[in-house]
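Chain by chain, the residues run as shown.
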Amino acid sequence: MLRITCPYCGSRNESEFLFGGPVGTERPDPNTTSDADWIEYLTVKPNPLGPVQERWWHARGCGEWLTIWRDTRTHDIVEAPNDTE
Amino acid sequence: MFADTVCVGNVRDLILFTAVQLIYLDLSSCLMKLDLVMQKYSLFSLAKNALSGHRNWQQAWRSPPLRDQYDVIVIGAGGHGLATAYYLAKEFGTANVAVLERGWLGGGNIARNTITIRSNYMRDESIPFYVKSVAMYEGLTKELNFNMMHSKRTMVDVVQTYPKMRELRRRQLTMDIYGSTYEQISTDEVRRRIPALTGGGPDARLPIIGGMVHTDAGVNRHDAVAWGYARGADELGVEIHQQTAVQSLIRGSDGAITGVETNRGTVRAKKVVVAVSGHTTTITETAGLKLPLRTMNLTAFVSEPVKPLVDVIVNCPDSGFYFSQSDKGEMVIGGAPDMGQSFRRDIKQNVFEDTVTSMLSLFPAFKKLKLMRQWGGHLDIAHDASPIMSKTEVGGLFVTAGWWGGYKAIPAGGLALAHLVAKGTPHPLMSSFTLDRFKHLDFIMEAGTTTAR
Chain A
1 MLRITCPYCG SRNESEFLFG GPVGTERPDP NTTSDADWIE YLTVKPNPLG
51 PVQERWWHAR GCGEWLTIWR DTRTHDIVEA PNDTE
Chain B
1 MFADTVCVGN VRDLILFTAV QLIYLDLSSC LMKLDLVMQK YSLFSLAKNA
51 LSGHRNWQQA WRSPPLRDQY DVIVIGAGGH GLATAYYLAK EFGTANVAVL
101 ERGWLGGGNI ARNTITIRSN YMRDESIPFY VKSVAMYEGL TKELNFNMMH
151 SKRTMVDVVQ TYPKMRELRR RQLTMDIYGS TYEQISTDEV RRRIPALTGG
201 GPDARLPIIG GMVHTDAGVN RHDAVAWGYA RGADELGVEI HQQTAVQSLI
251 RGSDGAITGV ETNRGTVRAK KVVVAVSGHT TTITETAGLK LPLRTMNLTA
301 FVSEPVKPLV DVIVNCPDSG FYFSQSDKGE MVIGGAPDMG QSFRRDIKQN
351 VFEDTVTSML SLFPAFKKLK LMRQWGGHLD IAHDASPIMS KTEVGGLFVT
401 AGWWGGYKAI PAGGLALAHL VAKGTPHPLM SSFTLDRFKH LDFIMEAGTT
451 TAR
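Heads up: the sequence lines are chains A and B, in that order. To convert, note that position 22 of the first sequence is 22 in my numbering; the numbers rise steadily by one, no gaps. To convert, note that position 118 of the second sequence is 118 in my numbering; the numbers rise steadily by one, no gaps.
Everything labelled a hint here was simulated from the structure, so no lab data went into it. Backbone N, C-alpha and C fix where the C-beta goes; we use that ideal spot for every residue, glycine too. Any given hint could turn out to be false.
Just a sample of chain A residues kept apart from chain B, beta carbon distances all over 12 angstroms, derived [what the hints assert, rightly or not]:
id: 1; residue: Thr5
id: 2; residue: Tyr8
id: 3; residue: Ser11
The calculated lysine-lysine pairs, modelled on DSSO-like cross-linking and capped at a C-alpha distance of 30 angstroms, are [said to hold, decoys possible]:
id: 4; chain 1: A; residue 1: Lys45; chain 2: B; residue 2: Lys290
id: 5; chain 1: B; residue 1: Lys439; chain 2: B; residue 2: Lys270
id: 6; chain 1: B; residue 1: Lys270; chain 2: B; residue 2: Lys423
id: 7; chain 1: A; residue 1: Lys45; chain 2: B; residue 2: Lys439
Just need the whole structure built from these sequences, with the hints factored in.
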């Protein structure tokens, strides 16, 4: 079980959270983007063998949405890689 | 020698004797030739080898040296990879095929599933494909001359909520069209068929309200599927190379695929098939190809062997687990996937505990079972939970991925992919499952028909 740090409640059990999906790319402007880019935005998510950024919802807690980086090989919650903000 | 004992005048006998000898020699050389091609497994061959202490069994497949060029490279010697190679050689005459496997043959997801074979899907596109695959499985022992230990034992869905019952009835109506069997039964009948099901009574939080029976469903032996296809493909000339890890795909100046880079050097081919469930994006990203797949981890575990207790596959969609009893007597139990992406091959303790808790609510007697092993299969799931079998924007690169429960799809999946690779056009049964469906947002939503997610 993961221990996820909520900014309000501190370190809590994963079972208090609901998974909110991986963080994808920025939403392109539908008026200007191409069909192909729009489809890619809708369907293609990062699937790295390593750290992935994802959202979790503290649904059975304070209700806060938060973003973490987690290593898909180990489940360790890790620092954001250097080349991203 | 016989010349001493045969009288010169008895020419007729001599001719007869020689003829018999010649026929005998001819037959035995024929048999020797057959032996070189492939020894057929039969009662006769078992008896023959028993006489020589089982020391003379032929190897089931070769381990030939790795060449630097093939017509087709299949990455992954799992169920889908081996079946594809087999049908490429058998049905489409393409035997110059190399199957490259990072680990050992049949050691990936084909060894990490729950061997459930069924065709109770929801969509018009899906059901005919799975009906075909189930039928091919039933004939696979004969096809491959390898005992699949196929056990067509039916699956019983234990239903505890009305929305689930309505959904399954809806599936029944679609399945009726395509010749797959699904039928509603009463709670009493569910309990008659599964005597161990003692929970879920009227006072339970979710009382059982009925069940569905899928008589086509069965289980078989996963090793036999891998080994049978490997042996069959090898006999037709396909080369299987274990301990050969593909590190990256190589594209030519025109963008098309030209081969793969492995830990044993470069291997060239104009057609490359990616059949590496779970790691599909890891491989395709080396060619700059993005796919709508996420890798997730499914829960499975197995109990100690006990006496025969349950003779059907039990699926409890509302409680989120399913199981069958193996021929060895173990309960083979499957549960829900982890939340979030995962490349791990074990399961999270909380997912495991949740699954066990659900199981004990319906099968309280299982409290005494000792659980022996747990494993996670990591597999990739597409946006709509349906498989992807497709050409890609990289010329010559084919993928078979997104098999959320791909074990049941191995025979028809291999046949359909071989068709796509050989002919360049999708097999009719899989024509809706190409990457084009994403371009048109023409999804085949099957999320509800696979394990709860």
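Taking the hints in turn, this is what the structure says about them:
1. Thr5: Holds: least Cβ distance 16 angstroms, greater than 12 angstroms.
2. Tyr8: For Tyr8/A, whose nearest Cβ neighbour in chain B is about 21 angstroms away, the distance exceeds 12 angstroms, so it holds.
3. Ser11: Given a closest Cβ separation of 15 angstroms, the condition holds.
4. Lys45/A / Lys290/B: Since the Cα atoms of Lys45/A and Lys290/B sit roughly 9 angstroms apart, the hinted pair holds (cutoff 30 angstroms).
5. Lys439/B / Lys270/B: 26 angstroms, holds
6. Lys270/B / Lys423/B: 14 angstroms, holds
7. Lys45/A / Lys439/B: Between Lys45/A and Lys439/B the Cα gap is close to 15 angstroms, so the pair holds against 30 angstroms.
Checked against the numbered hints given earlier, the structure satisfies every one of them.
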